[in-house]
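*Asks:* Sequence:
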Amino acid sequence: MDLTQRQEHIIEIVKENGPITGENIAERLSLTRATLRPDLAILTMAGYLDARPRVGYFYTGKTGSELLTEKLKKFKVQDFQSIPVVVHENVSVYDAICTMFLEDVGTLFVVNDHAKLVGVLSRKDLLRASIGNQDLREIPVHIIMTRMPNVTICYKEDLLLEAGQMLIDKQIDALPVVKNDEDGYEVIGRLTKTNLTKALVELGRDERI
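FYI, this note's numbering numbers position 201 of the sequence shown as 221, with every residue one higher than the one before it.
Don't take every hint at face value.
[Said to hold, decoys possible] Straight-line C-alpha distance at most 35 Å; calculated DSBU-like pairs for lysine-lysine:
id, residue 1, residue 2
1, Lys96, Lys136
2, Lys190, Lys91
3, Lys199, Lys91
4, Lys82, Lys176
5, Lys35, Lys199
6, Lys199, Lys218
7, Lys176, Lys144
8, Lys136, Lys176
9, Lys82, Lys218
10, Lys144, Lys93
11, Lys136, Lys91
12, Lys96, Lys213
[Claimed, not checked] The following label-pair restraints were derived from C-beta to C-beta distances:
id, residue 1, residue 2, range
13, Asn37, Asn170, 58 to 68 Å
14, Asp203, Thr41, 55 to 65 Å
15, Leu92, Asn200, 52 to 62 Å
Just so you know, the hints here were simulated from the structure itself, not pulled from any lab data.
Using N, Cα and C, we set each Cβ at its ideal position, and we do this for glycine too.
Taking the hints into account, I'd like the entire structure generated from these sequences.
*Replies:* Below you can see the structure in the form of structure tokens.
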């Protein structure tokens, strides 16, 4: 986050004199405690300063980049996941291609009659099926999909960085976010490379800090 000149001055005062009370900081800046309070709140919430009752303010010793990294490590999948796009395992490859085009996604999650995850369809899967003279209206997607348990999944409580690492390691475009039931996995979201990009952009803009 970008600091004001006064906030930078406050940090320097705390660095040199901490622990120091808010009243003492205000005196050094020739300000009232009320005027200073918003700046101290921002610096404390952002992690530059730490405060202890009846003791005062401490400098945490962390740089802005270190604070951003710490916040990124706390992001959960549920903070950035998108709505999943699912198809039934018996729909045709043709219908799946239409769904992928209309929904503007790169991955479809395939479910059974109980709405439980049974597989995943990627652009490559559909492209391979389209090569040749096959009637795509007659081929069900369960013939060409990647089947469970060979599907990489994640949970909404997972750390965003860990889920992102799975996307990189598996070289895939999306992960199904699932909830584990007795009879299988219910798809409750999707995590894509676009979601990860959104997290980085919002972090850079301080929208979630």
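*Asks:* Each hint needs a verdict: does it hold in this structure or not?
*Replies:* Checked hints:
1. Lys96 / Lys136: 23 Å, holds
2. Lys190 / Lys91: 25 Å, holds
3. Lys199 / Lys91: Holds. Lysine 199 to lysine 91 sits at ~25 Å (cutoff 35 Å).
4. Lys82 / Lys176: This hinted pair holds, its Cα atoms lying about 29 Å apart.
5. Lys35 / Lys199: Violated. Lysine 35 to lysine 199 sits at ~47 Å, over the 35 Å cutoff.
6. Lys199 / Lys218: It holds: about 23 Å lies between the C-alpha atoms, which stays within 35 Å.
7. Lys176 / Lys144: Given that 35 Å is the threshold and the Cα spacing comes to 26 Å, the pair holds.
8. Lys136 / Lys176: Measuring from Cα to Cα gives roughly 17 Å; hence the hint holds.
9. Lys82 / Lys218: Roughly 25 Å separates the two Cα atoms, so the pair holds.
10. Lys144 / Lys93: 32 Å, holds
11. Lys136 / Lys91: 33 Å, holds
12. Lys96 / Lys213: The given pair, whose Cα atoms are some 15 Å apart, holds under the 35 Å limit.
13. Asn37 / Asn170: 58 to 68 Å: Distance hint for asparagine 37, asparagine 170 holds at roughly 60 Å.
14. Asp203 / Thr41: 55 to 65 Å: Holds, since aspartate 203 and threonine 41 (Cβ atoms, about 60 Å apart) stay within the stated range.
15. Leu92 / Asn200: 52 to 62 Å: 26 Å, violated
Hint compliance for this structure: hints 5 and 15 are not met, and every other hint is.
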